[in-house]
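Please work from the sequences and hints to get the whole structure.
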Amino acid sequence: MSEVIEKLLYSESHEWVRREADGTVTVGLSDHAQKALGDVVYVELPEVGSEVNMQDEVALVESVKAASDVYTPISGEVLAINDVLADEPQIINESCYDNGWLFKLKPADEAELDSLLSAAAYAEQTEE
Amino acid sequence: MTDTHLLKTPLHSFHIENGARMVPFAGYDMPVQYPLGVKQEHLHTRAKAGLFDVSHMGQFKLVGSNGAQALEQLLPIDVIDLPEGKQRYALLLNEQGGILDDLMVTNAGSYHYLVVNAACKVEDAAHIRAHLPEGLELQEMADHALLALQGPAAVDVLATLNPAVAELKFMDNVELTLLGETCRVSRSGYTGEDGYEISVPAAKAVALASELLSHEQCELIGLGARDSLRLESGLCLYGHDMNAETDPVSASLIWAISKARRADGERAGGFMGAEPVLKALAEKRPAKKRVGLIGSTRAPVREGTQLFDASDKPIGVVTSGTFGPSCEKSISMAYVNFGEHEVGTEVFAEVRGKKIAMTVSKMPFVEQRYVR
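Chains as they are written, first to last, in our numbering: chain A, 1 to 128; chain B, 129 to 500.
Honestly, the hints are just simulated from the structure, not real lab data. Glycine residues also receive a C-beta, built at the ideal position from the N, C-alpha and C atoms. Be a bit skeptical, because a hint or two may be false.
[Claimed, not checked] Just a few of them, taken from the derived set where beta-carbon distance is under 10 angstroms, the chain A residues facing chain B:
id : residue
1  : 44
2  : 82
3  : 86
Spelled out as structure tokens, the structure:
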């Protein structure tokens, strides 16, 4: 069984979104996604300062098996990326909801968050 | 999920009981990984002992008189002087010198024992049978499974069943008793590590695998790690790093042509494809050559990726590529134009529209640790 975190929002393409106290959001890959990918060996992240649009391919996560695009669940400005992943991409497997986060955004439109899945809805979608 | 058209090895249920993820491979339903995962399985094999089911590979007995002479008609190796209890790596060639398969040939005393690739075994058998003289018969050992036990602890694990295995040297291949059953045991494998390949009657395969796996140092290893292990060790995967369009010289497998069969050897030529192969060997200037590449980034550069020189001219293509868990580098095998093949040459791989610098490097990428 894959782990789903109650207080997070999810996209259908398996990214999670955490709303931070300062109004920014953090984005990462779900446990379901990291398990399906297998051992991650390489990560490409967006440029800090770039503007991204909802569902753009903004990052790439490559496992021993294949490369997989990461879509941004909402639009906004990239405030930070998780630089540690460049040298230690396996952190995505070890800690997908915590140390394995991908990037932080300043949301362009808070309303976009309403279109994302609740943890319960995502868990239902990924049930086998 | 189960595809009923796929063949099963005698260990199929054993894999599923051990949590394997099964995938179709060469017509078989095979374990690609176990719960440990590809990377940990790879690292475990290099550190301790990994157990692989390679029963999908074709095992054959060539029975009858003058088998060595018949094999020398088809293989560019010295079979006649191959001592009893020894195996040798060989390439099966067509008339043009193209590689039909790679295989192991053992002098088993009263017969020759062959192990060929799963995807090629039907064609190989037809090809060999079509060229056998009277009095020789190629028999498939369909009632035998094949296990590989690989890694530095393989000797300790297998020696608990029969201490004689510790006496074997690299490429020895003899009959030994394991769990009361006569098995064919060779000190060989396809990971670059010390280890063994064990041909065991199918009915005993699960018992033997369970016994080996009960050893603390031993884990089951799937096809995923088998691929990264062999690639780090610079070993070719048939159908990818060589095929019927590549000859031994362009495949950088000159070492697989025995001295006795070369132009100045005691039994020069006389094998299928000898004329083009010996010509290529004399010229040593193939149009393309297989090389190893190390990437300047961690991005894996996979099969099919196009290669360019600094002026953007296409110069080759990648045939295998991954991120090597032990060498911790992006490694590939590729065919590049002659002239771009020297160690140290910089080439550029086009990955998702971007050019990644790679350096032609000697192989293996990880030191081989055979016990010679």
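Hint-by-hint comparison with the structure:
1. 44: With Cβ-Cβ at 8 angstroms, under 10 angstroms, it holds.
2. 82: With a minimum Cβ separation of about 15 angstroms from chain B (threshold 10 angstroms), the hint on residue 82 (chain A) is violated.
3. 86: 8 angstroms, holds
Of the numbered hints listed earlier, the single one contradicted by the structure is hint 2.
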